[in-house]
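Novice: Listed here are the chains, written in short residue letters.
There are 2 protein chains.
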Amino acid sequence: MEPDSRTPCYDALVRSFARRHRLDHLLQIALWDRAALMPRKGAEARAAAVAEMQAWLHRLATDPQLQGWLERADEEPLDDAARANLREMERAWRRANALPEALVEATSLATSRCEQGWERQRPANDWAGFLENFREVVRLRREAAHRLADEAGVGPYDALLDLFEPGLRAAEVDRLFADLQRWLPPLVQKTRERQVRREVELPKGPFPKERQRALSHRVMALLGFDFEAGRLDESAHPFSGGVPEDTRLTTRYRDDDFLQSLMATIHETGHARYEQNLPRAWLGQPIGAPRSMAIHESQSLSFEMQLARTRGFAELLAPCLGEAFGAQPAFEPDNLHRLLIRVQPGLIRVDADELTYPAHVILRYGIERPLIEGSIEADDIPELWDEGLARLLGIDTRGNFRDGCLQDVHWSEGLFGYFPCYTIGALYAAQWFAAIRVRDPHLDRDVAAGRLDGVFEWLNAHVWSQASRLPTTELTLSATGSVLDAAHLRRHLEARYLG
Amino acid sequence: MEPDSRTPCYDALVRSFARRHRLDHLLQIALWDRAALMPRKGAEARAAAVAEMQAWLHRLATDPQLQGWLERADEEPLDDAARANLREMERAWRRANALPEALVEATSLATSRCEQGWERQRPANDWAGFLENFREVVRLRREAAHRLADEAGVGPYDALLDLFEPGLRAAEVDRLFADLQRWLPPLVQKTRERQVRREVELPKGPFPKERQRALSHRVMALLGFDFEAGRLDESAHPFSGGVPEDTRLTTRYRDDDFLQSLMATIHETGHARYEQNLPRAWLGQPIGAPRSMAIHESQSLSFEMQLARTRGFAELLAPCLGEAFGAQPAFEPDNLHRLLIRVQPGLIRVDADELTYPAHVILRYGIERPLIEGSIEADDIPELWDEGLARLLGIDTRGNFRDGCLQDVHWSEGLFGYFPCYTIGALYAAQWFAAIRVRDPHLDRDVAAGRLDGVFEWLNAHVWSQASRLPTTELTLSATGSVLDAAHLRRHLEARYLG
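So the protein lines, in turn, are chains Z and P. Just so you know, we're using our numbering here: the first sequence kicks off at 92 and counts up by one. Just so you know, we're using our numbering here: the second sequence kicks off at 92 and counts up by one.
Check before you lean on any hint, since a few could be wrong.
As the list claims (entries may be wrong) - BS3-like, lysine-lysine: derived pairs with alpha carbons at most 30 Å apart:
#1 Lys132(Z) <-> Lys300(P)
#2 Lys300(P) <-> Lys300(Z)
#3 Lys132(P) <-> Lys300(P)
To be verified - The following residues of chain P were derived to be distant from chain Z, with all beta-carbon distances above 12 Å:
#4 Arg125
#5 Ala127
#6 Pro130
#7 Ala136
#8 Ala139
#9 Arg302
#10 Arg322
#11 Ala421
It should be emphasised that the hints constitute simulated quantities derived from the structure, not laboratory data. By construction, the Cβ of each residue, glycine as well, lies at the ideal position given by its N, Cα and C atoms.
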């Protein structure tokens, strides 16, 4: 402790959080490695190592010394950034203390086991095998939800939502999703009627994996990814992991379809640019962390949906595709754009188009919330899934667990409360781009010419560089002049699909 | 603690060591990742994370509670394995306590910096740049050597040797190396005179990297590597890392020469099979660790030198090479064998043949020992290197730091005292194979037919499965009926090169 510091308790907190950041670095790299590279027989030892570390990080996060420092730091002369950092520290402290270490360790082991099993069970369509591990994950997450809920004085599902989007409540999700369900299905209907009349030339494969990989790297470079501070690899489920100083993206390649992989890469690149541009001076402190998962998804969807599905981006992408796979009619910019905005209800969330994506999220929300609240059981999921997908998208998924309720990794990892962040992220992304379009009315033309800097500058100024300085509502207000307003997404979709 | 255990203190020790094993897992994966995959800008955060973890592992290793447990466990009714485990625990405890945490952390940071710098400085031939970081590494390792020496009552270089080969002293290294220097140079001389009269057809490249990678995988499979419990990747300096449950090998590929990379892969596969076959029940305990680094190198050299340079192995390898690169005269078994046992003094240790390899080790030993003892400084290294290589192998290396004193990663990592293990490992490997040949007089014929199981069974029974149950001397006695005897290497080399 600096002897002459006027903020000794705050300084002690800063050191404690920096230390946890350094240790968490090792955990994050090991988790990335597990999903991307680890051979099968390493699973047991890795799960034990991860659980040990998570338990220890939890012990550090609940160190009783912190409480006194937090109380006394509040009386110290802190500047605005330090005060914001202290606010986030207090939040982390409350959250950590709601959970006993044994629960943290048991959850780590159970989710490791469930995720490792899922990697085999999904391709084998083995719901019964998955269920054996999954029941324990549900039991442990329910317990965590109730403990967190008791601490915060909210409902158990609210308490899990709050882990990913601080302040978000199920009532607000209900309101936003009810609004979407009012105007989105007719929009899907009208769009499909229009699109059915327009021919789309399909790309002709095969698309060799090595070429796809080179294409991914090229598009990531176009999108400003810093390859000296991150990598692209492969995994069963695309994700963005690692640490802000070294972001690790993954995608997956299919010989017969390059667009899925490319769009997944673009999605993850949005996450990565947020991480790569978090303010370096704050790294390791709670104020320097990404604001929330809805804001994180607003970045991936800004890239995947807002930017990469403009007419201009099709123009930018067309020559890259020709060089990667040889010229073909499907790569002509008009056709490519029609391909990118084609609306087609499908089984898989990550491959969904912009208009039907919310239905996938609403389906999962409608299952995981009662699951956590205890009104349904894990065993009930397939039936609810079949019924929901039939109702929301008119698709029959009975017996197909692989492309049904086993398709996502989230639940096996115990990530209940995360799914709503995708669609709320889409709402934010639309609001960001409404602001960007006000500043740049010729956005499409600029994108076509590869002038993406204006977009990145806006995102950097209003989102990336802000990290967790402001709560989400204030961040939104400061960035766009208003709080979250779903009308932006509606206007954007109507302009793109009916305009 | 089990309430009715008759060995409560020993049990507490077992739990403490198991916990450190789990945490060390994360550290080892991060170190492997740093060498094999990490992008440049991740270096600073990684170094901080590694140092934090090493400092914490050191704190756990010096937890004052351990001392009481160690003393009382000695009075508890332990079986032989537990008693051996306790012996290794006591050794670890004494060693850890000799070093203060600040020194451990400073060394971690200094070696991270030096190694990261080395990766750029070596290709740039930048000795001056390297020296800036390296002086600090030397300073810190000298301090560690003196502290360890004071604790153990030995010389400072002895204390570092002891970290890698418990019980080995510089006086013994001097004796073994003096013996080698007596009979090896004439043997090199005679061999070269014989070989100069025999034509060797050189393989014609290029050898595409993808083909080399596939060949490496095929040969590793022949050698019994378990790909479900490990991987092969690439790095600037081939090494074997990871954890016993998930061994991570690296190699490097050159378009114009596949043999260097293949031999490096075979070397690392020897290390890997030791790790992959350590007894699972003991993993996480000191008794379950590899016996020592000389014994570890005896495994890599059993594979690279003893096995892979037999006439039989050339027969086994020949069709693999033809399939990988297309048939050519150089791959004919007789010619291939002549290639594999060709003796040619060269600059690079890891590419050296069996006969000139010891000279590289003797050179490094002759520099690092006085460096640690303080009679020379880091600045003196290039001059001593030039003089030594000229004297030992008749090669001029002046000005060529890249292929001279910058060629190895060891010193940048602070690994002084390690190099002798290579040549002592070669002595052990020759002693193992003398015993194996007694059991199987038709070894060459069996190897040619791909019947390698006899070799692996012997190594497993006498080395791999023994882990650290016995001190090295007893292990050797139990495996071969005598203590280490350099005559085995001499007989082996004379038979192979003059026979």
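Novice: Hints first: check each against the structure and report whether it holds.
Specialist: Comparing the hints with the structure gives:
no. : hint                    : in the structure
1   : Lys132(Z) <-> Lys300(P) : holds (27 Å)
2   : Lys300(P) <-> Lys300(Z) : holds (17 Å)
3   : Lys132(P) <-> Lys300(P) : holds (26 Å)
4   : Arg125                  : violated (9 Å)
5   : Ala127                  : violated (10 Å)
6   : Pro130                  : violated (5 Å)
7   : Ala136                  : violated (4 Å)
8   : Ala139                  : violated (5 Å)
9   : Arg302                  : holds (14 Å)
10  : Arg322                  : violated (6 Å)
11  : Ala421                  : holds (29 Å)
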